[in-house]
Amino acid sequence: MTKPDQDRVVAHPSVAERLEAEALIVDVDGFEGPLDLLLTLSRTQKVDLRRISVLHLARQYLDFVEKARDLRIELAADYLVMAAWLAFLKSRLLLPPDPEEEGPSGEEMAAHLAFQLERLQAMREVAARLMGRDRLGRDIFARGLPERMERVKRVSYTATLLDLMQAYARIRTRDEFRPFVMDRDRVYTMEQALERMRGMIGFAGMWTDIASYLPEGWGGDPVMRRSATAATFAASLELVKEGRAQIRQSETFAPIEIRRTDRERPT
Amino acid sequence: MSDPEDTGDAGTERPRESLFAAPVMAEQERMVEAMLFASATPMTARALNDRMPHGCDAAEALVHLQKRYEGRGVRVVRVGDGWAIRTAPDLGFLMREETVETRKLSRAAIETLAIIAYHQPVTRAEIEEIRGVSVSRGTVDQLIEMEWIRFGRRKMTPGRPVTFVVTETFLDHFGLESARDLPGLKELRAAGLLESRPAPGLGAPTGPDEDAAEEPDSGQSELFED
Amino acid sequence: MSDPEDTGDAGTERPRESLFAAPVMAEQERMVEAMLFASATPMTARALNDRMPHGCDAAEALVHLQKRYEGRGVRVVRVGDGWAIRTAPDLGFLMREETVETRKLSRAAIETLAIIAYHQPVTRAEIEEIRGVSVSRGTVDQLIEMEWIRFGRRKMTPGRPVTFVVTETFLDHFGLESARDLPGLKELRAAGLLESRPAPGLGAPTGPDEDAAEEPDSGQSELFED
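Residue numbers (the numbering used here), protein chains in the order written: chain A, 7 to 273; chain B, 6 to 231; chain C, 6 to 231.
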């Protein structure tokens with residue numbers, strides 16, 4: 007700590023400031039990055055940040071980095087990047103501007119750095135003011151015993167007339183086309199037809215329209231007639247297969263006719 | 006600390022004699038007000054006094070404060086040994102937030118309702134016969150609770166089963182004069198409602214009123230024939 | 006205050022309510038008073054209105070109520086979009102028992118919070134540019150957990166980075182009506198310190214992410230422009 011005056015951070019008459027500069031080196035971990043370090047260094051200039059000598063600041067920073075190197079303190083990469091940038095800035099500020107060269111002038115770069123420092127400083131100041139305000143739970147208080155706001159959830163069911171009608175239509179439609187429900191009353195099965203025809207075929211020596219074999223009461227309702235017709239036709243084919251009847255249709259859509267086979271007579 | 010206005014009233018009561026005079030009563034009232042507000046539990050006059058500067062009289066401040074809150078939205082009330090700020094009893098309803106969630110009636114419920122509307126008065130057995138499935142108690146209860154159906158007269162059939170009919174509330178909700186205004190099967194079909202899927206372009210179905218006007222006797226009589 | 010005019014208004018708007026005129030303003034004030042006392046967190050005028058009978062005007066009632074509590078031990082304060090009742094700041098000394106220990110915030114967290122408050126909506130890269138160091142995840146997480154900051158809208162810049170803004174809880178905690186009332190905001194703006202100035206070409210190296218430099222205009226303006 008008590009290093010002699012061979013520091014390169016010279017021109018500081020006050021012991022306190024020298025100690026501060028020393029402390030900077032020892033306490034490098036305490037800085038929140040290069041900008042923070044620069045801001046701290048800038049305080050030694052004791053001027054408004056707007057009038058700060060960026061050149062001087064760059065020198066201070068570079069001295070700091072140099073020292074850290076001497077002391078074998080490993081600096082984080084961003085400190086070194088800043089050092090390189092400041093070295094570049096320093097050279098730009100010192101050398102007369104080259105009209106050929108592109109890019110920002112040393113003054114522009116310096117001004118921006120000053121802006122950054124001023125902004126960071128300003129943010130620190132307002133942060134302190136903010137934290138110093140009257141704060142809830144410390145200076146200002148909310149209701150200690152808030153009353154419970156009860157939440158009552160009520161479910162209300164609704165339906166439209168359309169819903170109602172569609173529901174009813176759905177039920178009625180189910181009645182009209184019940185494809186999977188065997189409605190025994192209205193279906194004439196082939197077994198029923200076969201039994202009926204077996205009893206009757208023996209008397210049918212003449213070609214007779216199979217429609218006349220339909221059971222009584224099944225001719226009116228179209229659904230029932232269809233069912234009975236289909237069953238009777240199927241039963242007729244069954245009788246033909248058994249060899250007990252013959253079947254014919256003179257032309258397309260003409261009545262289908264049936265009569266018993268003659269072979270049966272000899273038996 | 007104290008407002009100049011406040012000193013007017015209270016100042017006359019307690020002239021500031023010494024350097025360490027107790028705050029004026031209006032100020033003490035403010036303190037009690039703030040403490041009662043911020044405290045999580047009721048506070049006794051003593052506990053209030055303990056926190057206040059020397060020479061204060063929390064009990065008196067409480068009397069003033071209580072008077073000040075008379076007829077307000079909150080009141081200063083005694084709770085056991087302590088004092089607390091509480092909502093005025095007549096405003097308790099504001100502390101309840103009622104959220105109403107509207108849901109569609111279930112399919113079972115709407116079908117049951119439709120059958121009752123079209124076939125009323127109808128017994129549970131009849132509803133089941135028409136729907137082809139049993140009707141759950143919950144469904145009927147729900148419809149009764151909604152006041153869309155109610156019990157009708159008992160049927161004069163063996164067992165004298167109860168019947169269900171729709172209510173005024175039901176007619177109101179669906180904008181019907183009577184259950185007879187419900188469109189019949191023919192109108193349903195005309196409106197495309199008898200197709201298993203209503204056409205996508207289908208808007209509102211023809212109003213039951215119009216339909217009813219054209220065919221006054223349609224609907225139920227037709228439907229009741231089976 | 007108790008106007009028949011109010012009733013008139015409400016009546017024309019809501020013809021069905023005409024039988025039930027809105028309560029007089031004094032009564033509305035009581036209601037707002039009760040609700041604000043009952044709630045520990047700020048409530049919006051809208052939320053208040055939702056609980057009040059039809060035709061009420063919570064916003065107007067709030068104005069009356071705020072006036073009524075001027076200079077009292079508790080005050081009606083605006084917090085962002087909401088309203089709350091809070092103890093008067095000068096009486097904080099009485100509430101030592103109610104004091105809540107706030108977690109000690111690190112310097113990084115305090116600075117980050119201030120930057121977000123004054124520059125909002127602000128991206129992480131912008132915060133890093135201002136502080137000159139990367140923002141640790143833990144810092145942001147802590148502030149989010151305290152509900153002092155939240156994610157804002159994404160920036161319409163390449164990469165559409167997320168932004169941070171301060172919350173109503175933040176405003177409530179620091180006794181601010183809105184982010185416009187942040188201390189020193191005007192001065193900072195006048196000094197140009199809230200502008201995001203792009204670094205001239207080779208800017209001083211800052212945080213790890215330098216994309217922030219590309220951002221043409223920084224938040225601030227968006228939120229604080231009048």
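Each hint should be verified, as a subset may be incorrect.
Unchecked claim - Here's a subset of chain C near chain B, in silico, CB distances under 8 Å, partners left out:
hint	residue
1	ARG35
2	GLU38
3	ALA45
4	VAL68
5	ARG77
6	ALA93
7	PRO94
8	PHE156
Source of the hints: derived by calculation from the structure; they are not laboratory data.
Quick reminder that beta carbons are idealized off the backbone N, C-alpha and C, glycines included.
Going through the hints against the structure:
Against a cut-off of 8 Å between C-beta atoms, the interface hint on C/ARG35 holds, since the closest Cβ of chain B lies about 4 Å away. Satisfaction of the interface hint for C/GLU38 is found here, the shortest Cβ-Cβ separation to chain B being roughly 3 Å, below the 8 Å cut-off. A distance limit of 8 Å between C-beta atoms decides the matter here; for C/ALA45 the minimum to chain B is near 10 Å, and the interface restraint is violated. Evaluation of the C/VAL68 hint against chain B yields a violated restraint, the C-beta minimum of about 15 Å exceeding 8 Å.
Taking 8 Å as the C-beta contact cut-off toward chain B, the hint placing C/ARG77 at the interface holds, the least distance being around 6 Å. For C/ALA93, the shortest C-beta to C-beta distance to chain B is roughly 6 Å, which falls under 8 Å, so the interface hint holds. Checking C/PRO94 against chain B by beta carbon gives a least distance of about 10 Å; that is not within 8 Å, so the hint is violated. For C/PHE156, the interface hint is violated, since its Cβ never comes within 8 Å of a Cβ in chain B; the closest pair sits about 28 Å apart.
When held up to the earlier numbered hints, the structure conflicts with 3, 4, 7, 8 and fits the remainder.
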